[in-house]
Amino acid sequence: FRRGEDRGVDAYLRACAEMRTAPISMLVRGAGDCEDLAFPHRGLGDRGCVGLGAFLMANGGVRTLDLEDNGIGREGGEALFGAAREAATLEALCLAANPLGGAMAALAGALSAPRQGLARLSLE
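Numbering (UniProt numbering), first residue to last: 1 to 124.
Quick caveat, the hints were computed from the structure, so don't treat them as lab data.
Incorrect hints may have been included.
[As the list claims (entries may be wrong)] Computed beta-carbon distance windows for the label pairs:
(1) 42 - 14: 18 to 26 Å
(2) 69 - 104: 12 to 20 Å
(3) 114 - 26: 30 to 38 Å
(4) 43 - 104: 21 to 29 Å
(5) 25 - 63: 28 to 36 Å
(6) 74 - 29: 25 to 33 Å
(7) 123 - 88: 15 to 23 Å
(8) 14 - 124: 18 to 26 Å
(9) 74 - 18: 15 to 23 Å
(10) 42 - 124: 15 to 23 Å
Keep in mind that this is a model prediction, so the values were computed, not measured.
Where a beta carbon is used, it is the ideal one built from N, C-alpha and C, also for glycine.
All chains, please: the whole structure from these sequences, using the hints.
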């Protein structure tokens, strides 16, 4: 990525610091310019997904995101679905094998958003 254009990395790092979680190094090193991000089986959990949600809202260029099997529960799911609601470019989201729990209300809200572009959602 070009200097001066953080593509959401600054927002991501701030959110990670607030949540006291380690950032995904690949994301910080330039994946912010990628349209397709895959971080399966990384153990991100809820706190990591709150940071990732901040990145998605600030980035505006991610089209597909694979977060299969990351221990994402209600809080992380709500953060991601809130970001999906705002990030009109997100077309595909894989959250298979995550215990999303009570995040389904946030999912329904994200899917009903007028600017919503999510065409593929994998929960299994």
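Okay, the hints, checked on the actual structure:
1. 42 - 14: 18 to 26 Å: holds (20 Å)
2. 69 - 104: 12 to 20 Å: holds (19 Å)
3. 114 - 26: 30 to 38 Å: Distance hint for residue 114, residue 26 holds at roughly 32 Å.
4. 43 - 104: 21 to 29 Å: holds (23 Å)
5. 25 - 63: 28 to 36 Å: violated (22 Å)
6. 74 - 29: 25 to 33 Å: Given a distance of about 30 Å, which is inside 25 to 33 Å, the answer is holds.
7. 123 - 88: 15 to 23 Å: Given range 15 to 23 Å: holds, Cβ gap about 21 Å.
8. 14 - 124: 18 to 26 Å: Between residue 14 and residue 124, where Cβ atoms are some 33 Å apart, the hint is violated.
9. 74 - 18: 15 to 23 Å: Holds: the Cβ-Cβ distance is about 18 Å, inside 15 to 23 Å.
10. 42 - 124: 15 to 23 Å: holds (19 Å)
Comparing the model with each numbered hint stated earlier shows that hints 5, 8 do not hold.
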